[in-house]
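Dock chain B against the given chain A, drawing on the hints supplied.
Protein chains: 2
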Amino acid sequence: MNDESIVYIGSKPPMTYVMAVLTAFNKMGADRVSLKARGQAISSAVDVAEICRNRFLSDLERPVIEISTEELESEQGGKRNVSTMTIVLSKAGKPAAAEAKPRAKKAKAEEKKEEA
Amino acid sequence: MNDESIVYIGSKPPMTYVMAVLTAFNKMGADRVSLKARGQAISSAVDVAEICRNRFLSDLERPVIEISTEELESEQGGKRNVSTMTIVLSKAGKPAAAEAKPRAKKAKAEEKKEEA
Chain A
28 MNDESIVYIG
38 SKPPMTYVMA
48 VLTAFNKMGA
58 DRVSLKARGQ
68 AISSAVDVAE
78 ICRNRFLSDL
88 ERPVIEISTE
98 ELESEQGGKR
108 NVSTMTIVLS
118 KAGKPAAAEA
128 KPRAKKAKAE
138 EKKEEA
Chain B
28 MNDESIVYIG
38 SKPPMTYVMA
48 VLTAFNKMGA
58 DRVSLKARGQ
68 AISSAVDVAE
78 ICRNRFLSDL
88 ERPVIEISTE
98 ELESEQGGKR
108 NVSTMTIVLS
118 KAGKPAAAEA
128 KPRAKKAKAE
138 EKKEEA
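Top to bottom, those sequences are chains A and B. So the first sequence is numbered by the working numbering: it starts at 28 and just counts up by one. So the second sequence is numbered by the working numbering: it starts at 28 and just counts up by one.
Only chain A is shown next, with the shape it has when bound in the complex (with noise of 0.2 Å):
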């Protein structure tokens, strides 16, 4: 079940997160990468969609984006509502279903992993 990878997308400049999506596609075999960002992340997961489909990927599908919005604690205590964007990069002949699934509250860990 090597066929779909996550991207998360944080602060790093975008060309970090476009050699991951690269990586997933070349080396581990993916049909499918997800980006995901969340807030002001958001801008930079569009960039790194762009580069990937205008730089180096010309066979991919038109991606399937999906918005939705997270409820984050602050250190406050309060809430606060933040926007959630994932992006779904398919190899042609593999298109979503539009089943990019809002991002899960245990994804957290992960993210910080591969942000490192």
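Honestly, I wouldn't trust all of these hints.
Identical copies carry no separate label here, and so any pair may be met within one copy or between two of them.
[Said to hold, decoys possible] Cross-link-like lysine to any residue pairs, in silico, SDA-like; alpha carbons within 20 Å at most:
1) Lys39 / Ala119
2) Lys106 / Met42
3) Lys106 / Arg82
4) Lys118 / Leu84
5) Lys39 / Lys121
6) Lys106 / Pro41
7) Lys118 / Ser95
8) Lys39 / Gly66
9) Lys106 / Ile78
10) Lys121 / Arg89
11) Lys39 / Asn108
12) Lys106 / Asn81
13) Lys39 / Gln67
14) Lys121 / Asp30
15) Lys118 / Glu100
16) Lys54 / Lys121
17) Lys121 / Ser32
18) Lys106 / Arg80
19) Lys118 / Pro40
20) Lys118 / Gly56
21) Lys118 / Asn81
22) Lys118 / Arg89
Just so you know, the hints here were simulated from the structure itself, not pulled from any lab data.
Using the frame of chain A, we list chain B on its own:
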């Protein structure tokens, strides 16, 4: 032909644009409102869409989202690429036909007006 509106997202607080969207739907009778944004404003556009959907307009279709790249000339004469995004919000029963077009060059003048 008043059934489609465009709101250009800039650097103002999201609620400014939420109001513009609500006005387009409720006062101007639009069936569809497109949010257009470039660069860092993309995150803000997602916030605007999510606030509209979750707080004010419960009868919207799942938004259709397109991303693209535009080439801008910098002041030094060089060129740089900027990511763009269009989010189409549609009333229930009036789905957007994935027809979000890349933002036209001449849209710029219009944008100034709407952001003013």
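So, going through the hints one by one against the coordinates:
1. For the identical chains of this complex, Lys39 and Ala119 are neighbours neither inside a copy (28 Å) nor across copies (39 Å), given an alpha-carbon limit of 20 Å.
2. With identical chains, the CA atoms of Lys106 and Met42 are at most 20 Å apart between copies only, with a shortest distance of 18 Å across copies and 33 Å within one.
3. For the identical chains of this complex, Lys106 and Arg82 are inter-copy neighbours only, at 16 Å across copies versus 40 Å inside a copy, given an alpha-carbon limit of 20 Å.
4. Taking the shortest Cα distances, Lys118 and Leu84 sit within 20 Å of each other inside one copy (9 Å), while across copies they are farther apart (35 Å).
5. Proximity of Lys39 to Lys121 under the C-alpha cut-off of 20 Å is found in neither arrangement, the shortest distances being 29 Å within a copy and 39 Å between copies.
6. In this homomeric assembly, Lys106 and Pro41 come within 20 Å of each other (Cα to Cα) only across copies, at 18 Å, whereas the closest approach inside a single copy is 29 Å.
7. In this assembly of identical chains, Lys118 and Ser95 lie within 20 Å of each other by CA distance solely across copies; the values are 18 Å between and 24 Å within a copy.
8. Taking CA atoms no more than 20 Å apart as the test, Lys39 paired with Gly66 passes in both settings, with 14 Å inside one copy and 16 Å between copies.
9. In the homo-oligomer, the alpha carbons of Lys106 and Ile78 lie at most 20 Å apart only across protomers (15 Å), although the nearest pairing inside one protomer, at 34 Å, exceeds that limit.
10. Within a single copy, Lys121 and Arg89 get their C-alpha atoms as close as 11 Å, which meets the 20 Å cut-off; across copies the closest is 22 Å, which misses it.
11. Proximity of Lys39 to Asn108 under the C-alpha cut-off of 20 Å is restricted to the inter-copy arrangement: shortest distance 18 Å between copies versus 23 Å within a copy.
12. Proximity of Lys106 to Asn81 under the C-alpha cut-off of 20 Å is restricted to the inter-copy arrangement: shortest distance 16 Å between copies versus 38 Å within a copy.
13. Taking identical chains as interchangeable, the C-alpha atoms of Lys39 and Gln67 lie at most 20 Å apart whether they share a chain (12 Å) or sit on different chains (15 Å).
14. Proximity of Lys121 and Asp30 under a CA criterion of 20 Å is satisfied intra-copy only: 10 Å inside one chain copy versus 35 Å between copies.
15. In this homomeric assembly, Lys118 and Glu100 never come within 20 Å of each other (Cα to Cα): the closest approach is 37 Å inside a single copy and 32 Å across copies.
16. In the homo-oligomer, the alpha carbons of Lys54 and Lys121 lie at most 20 Å apart inside one protomer (17 Å), although the nearest pairing across protomers, at 43 Å, exceeds that limit.
17. Taking the closest pair of Cα atoms, Lys121 and Ser32 come within 20 Å of each other only inside a single copy of the chain (14 Å); across copies the shortest separation is 34 Å, beyond that limit.
18. Only between protomers do Lys106 and Arg80 lie at most 20 Å apart by alpha-carbon distance; the minimum there is 19 Å, versus 36 Å within a single protomer.
19. Taking the shortest alpha-carbon separations for Lys118 and Pro40, neither the intra-copy value of 24 Å nor the inter-copy value of 37 Å comes in at or below 20 Å.
20. For a Cα distance limit of 20 Å, the shortest separation of Lys118 from Gly56 inside one copy, 10 Å, qualifies, whereas the shortest one across copies, 40 Å, does not.
21. Proximity of Lys118 and Asn81 under a CA criterion of 20 Å is satisfied intra-copy only: 14 Å inside one chain copy versus 33 Å between copies.
22. Taking the closest pair of Cα atoms, Lys118 and Arg89 come within 20 Å of each other only inside a single copy of the chain (9 Å); across copies the shortest separation is 24 Å, beyond that limit.
Taken one by one, the earlier hints fail for this structure at numbers 1, 5, 15 and 19, listed in ascending order.
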